[in-house]
Structures are given as C-alpha cells and as structure tokens.
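Following the hints, position chain S with the ligands against chain C.
So the sequences go chain by chain: C and S.
Note that this note's numbering gives residue 260 to position 260 of the first sequence, counting from 1, and the numbers run on in steps of one.
Note that this note's numbering gives residue 160 to position 160 of the second sequence, counting from 1, and the numbers run on in steps of one.
These are calculated hints, taken from the structure and not from any lab test.
Since the model is a prediction, treat every value here as computed from it, not as a measurement.
Fair warning: there could be bad hints in the mix.
What the hints assert, rightly or not - Using C-beta positions, here's what the derived DEER-type ranges look like: (1) S:Asp152 - C:Ala250: 47 to 55 angstroms; (2) S:Thr43 - C:Val271: 25 to 33 angstroms; (3) S:Thr43 - C:Met1: 16 to 24 angstroms.
To be verified - Pairs of lysine-lysine residues, derived as BS3-like cross-links and limited to a Cα-Cα distance of at most 25 angstroms, are as follows: (4) C:Lys42 - S:Lys2; (5) C:Lys22 - C:Lys42; (6) C:Lys50 - C:Lys22; (7) S:Lys2 - C:Lys50; (8) S:Lys2 - C:Lys22.
Using N, Cα and C, we set each Cβ at its ideal position, and we do this for glycine too.
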Amino acid sequence: MQYQAPTDLADVAALLASADGKGRVMAGGTDLLARFAAGMPKPDVLVDIKHIAELMDIEQASDGSFTVGAAVCGAAISEHAALCSAWPGVTEAMDLIGSVQIQGRASLGGNLCNASPAADAVPALIAAGAICRILGSQGERQVSVADIICSPGKTCLDSDEFVVSLYLPPRPPRSADAYLRLIPRSEMDIAVAGAAVNLTLDSADVVVAATIALGAVSPVPLLVPRAADVILGSKLEADVMTRFKSVVSASCRPINDKRGTIDYRNHVAGVLAARAALIAGKRAAREGL
Amino acid sequence: MKQHICTHINGEATEFLCDAADTLLQVLRDNLRLTGTKEGCGTGDCGACSVMLNDRLVCSCLVLAVEAQHSQIETVEGLANGDSLHPLQQAFLDHAALQCGICTPGLLVAAKALLDHNPSPSESEVRFWIAGNLCRCTGYDKIVRAILAAADNMRTTHDGAQS
Ligand SMILES: Cc1cc2nc3c(=O)[nH]c(=O)nc-3n(C[C@H](O)[C@H](O)[C@H](O)COP(=O)(O)OP(=O)(O)OC[C@H]3O[C@@H](n4cnc5c(N)ncnc54)[C@H](O)[C@@H]3O)c2cc1C
Ligand code: FES
Ligand code: FES
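The shape of chain C in the complex, shown without the other chains (with noise of 0.2 angstroms):
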C-alpha cells in the first residue's frame, strides 16, 4: 500500500483515478484502520485528505448556510459554537460517536462514506437536508445526502469521487433539528435505532415543515414523510405525537439480531423519534419570533 497525503483538491481525484478502482480516500481513519486490522485488503493507494484546506474548514455564508468539510473531526465539530447553536441536532449526532478518542479523528464524511446502516450522523444530515459537494476526475456535482447511500456499506460515489464537503442550507427562524439514539450501554456502542428530526415553527408554535429520518431501522437510513405529515399543523399535542409514533415504528423494515429484534426496534424507533420532535420543537420555540 502507498501512502498519499495531497494539499490540492485536484490531485485527490486524479490519484483516484490513476489507481484504476484500487485507490481509497482515509479522513479519520476510525472505520478503515479498525477494519484493516480485522483483515480487510488493502488498497494500492490510500489517500489521507486531511491535508486540503476545503476539507478541514468550516464555513458559515452570510445567508446563514453552513459548509462544512467532509474530513474535519467531531471534536472541532463540538467546538464550533455558531454550528451547534444553528444545527443542534447534527452536531449532536456526531458528538455520540465514539469515544473522545474516536472525536479527535471521526469526521462526517467518514460516517456518510462508510455507509453503516446503524451510522449516527447519517440521519442528522439527511433530515437536515445536507448536500454533499462531490469531486471526481470528471468534474464536480452535488448530491443530496439521502441519496448517498445505495446499500449497506455501498455508495453511489464512483471510484475517482470523493466527498469535498457538506452543506447545510440556511434555515427559517424558529427551525431546530434533534438526534436521539438508543444503545445497551451509556456510551460507546452501535445504535439499535436512532431518529433525527428537524422542524420549522410558525409564530404560533405550529409545526410548518418537518423532516424525519431513522437510523439502524433498515438497510439504509430512512427518510419517513409520512410521518413528517402527521405532525405538519400540529402543535405536537399529545394525541398527534401517539400517531406519530405508530406511524414511525410502522415504517421500520429493521432486522433481528443480538442488538434489537424486530418489534423492539419498530417500537424503540418510534419513541425516539417522538421525543426527538418534542426536543426539536423546544429548542425551535426558544429561538424567539
């Protein structure tokens, strides 16, 4: 394996191609050294990205939109103020990843790019209607989040793209954004399920426009209109959030295994996701008019 650690966007995509389908991008490292060392092949070139600019900043435009690079590691994440304070729901979910070791090095586009079902940062982003900026040696194009993913471990990237950034659009007043999770332990463990979900407030505390998304409930996240229309024009009143739920647990395709079976993910998702709305929907009234 060669190592590569380029300063310019351009060769990045251009030692990907040169590697014909051999070469792989490293950000932090925390899923391919760890699966390197379970015996994974190695690729011929490996490119560390942490040595170009666009991909360790974080920006935010004066429209209010973020982007933010795709390598950039979760502790500087937490650290950028402005960010957290307009994309509490994202930053919350990178924060639950790993330990403050794995903070130092994990970064977003790493957990997008990994592609695991149970990925904590992944429903954040997609609720937030994150888009990503992708590069290859045949130009540049965006992609929305949601479409990232094709399948467990598999993205819809070609072997010369990589992921330059991730860009939060500007938002409403009174929009706040939610992640909970549900792990065996109080940290340090894979999701059983995970719920995002970002919402806009109208004056009166109506909820005019929501997004939700699960995480480890199916092969891949999951984007759940229709339950985002259960609380549209809503309040978020008792009665509404009981069928949102049942919404929610009913459309979860997850699979039994040692973490969850069946019932108590569908079950588990669906409260997540409601007290994530009732989270999201505190933090967008304390935002004021």
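Showing chain S with the ligands alone in chain C's frame:
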C-alpha cells in the same frame, strides 16, 4: 518502500522509517521502544494506546505512523518531569488506581487531556471522558477518585503558585 518520517515526540525531534501500513502504535512500541503505550484491542475500543497527536487525544492503533510526519506527539513517557512524577501518576499510586496496569498509561494520557481542557471536572464529566478507556481490573472507581484528587491537587498548587 520504507518511508522516512520526521516528527516530535514528547518535545524531542525524532525520525523513523516505517511501512505505509504500520500504525503509530506499532512504531512507538516496536521501532522506538516507547513501550509505555499499550495495545489492548487494536481497533479503537479500549484506549490503552491513547496518545496526543497535534493536541488531540487519539488511539494510536487507529493512526498510521506515516501520518506523524511533521506532527507533535505526546506519550505517557512525557508525563513525568525527570524523576518527579506527574500529579496524575502520583494520584494513581496513592489511590491504588491500578492492578495489572495495562490500561494505566492510556488512562493517564486521557486524564491529562481532560485536565488540560477542564481543570475542575465533575465526577460525571470524568466518567464520560474516560468512556473510551477500558479497565478490566479496578471497576473504575479508584481511577475516577485518583483523577479528581489530581485535579484538586493541581488546582491548589497552581493557585498557590499564583498568589
Ligand atoms: C471505537 C469506535 C466507536 C465508534 N462509535 C461509533 C458510533 O457511536 N456511531 C457511529 O456512527 N460510528 C461509530 N464508529 C465508526 C466511525 O468512527 C464513524 O463512522 C466515523 O464517522 C468515520 O469517520 P472517519 O473519518 O474515521 O472515516 P474513515 O475511516 O477515514 O473512512 C470511512 C470510509 O469512508 C470513506 N471516506 C472517508 N471520507 C471520505 C470522503 N470525504 N469521500 C469519500 N469517501 C470517504 C473511506 O474510504 C472509508 O471507506 C466508531 C468507531 C470506533 C472505532
Ligand atoms: S489498542 Fe488502540 S484502542 Fe485498544
Ligand atoms: S488495571 Fe488492569 S486493566 Fe486496568
């Protein structure tokens, strides 16, 4: 082909040769004989291999040695000042916060990172911070007491020095 890496370890300019696939943990222990850093799992779960890389706490089993090029690394060997132990090391001894000792170097490095970042952590902040450091022997309680005692001690000494 071996790669030539120039780095700083515990403040000292250090060079080594390694393969692209070698982990920083392997090079620290096998090439540089800095065997204070331990290997537990090799997959990021146990924290025995914790070191500071450019001021961030990381698992050295999940860092490639080649990534150390032109960086700053701190290991447990850099904690003591000559013959005088770091207050955390002394507190671990005083509180019997170790049995087999495999987890200890990683916990010391992680605890130092915590106190550099937050000199007066609460007990629950200590427990969450060390969630990535597994100990199979002590049950953690003595480790938590030792870290809190060291924090106290370091604040007193620091306040004393200032007044
Ligand atoms: C102890 C431990 C605990 C963990 N806990 C959690 C957890 O609680 N929740 C969770 O979701 N995950 C967890 N993980 C998994 C992992 O830490 C996360 O998925 C992390 O976000 C991966 O980011 P990375 O930068 O380290 O990715 P890397 O390991 O560098 O890369 C992961 C994959 O994505 C590809 N890739 C990386 N960046 C890009 C890019 N910009 N463009 C294209 N492809 C790219 C790589 O080629 C590789 O296939 C844990 C891992 C460990 C070791
Ligand atoms: S050896 Fe690195 S975390 Fe266990
Ligand atoms: S003292 Fe043995 S693992 Fe902690």
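Would you pick out the hints that fail for this structure and give their numbers low to high?
none
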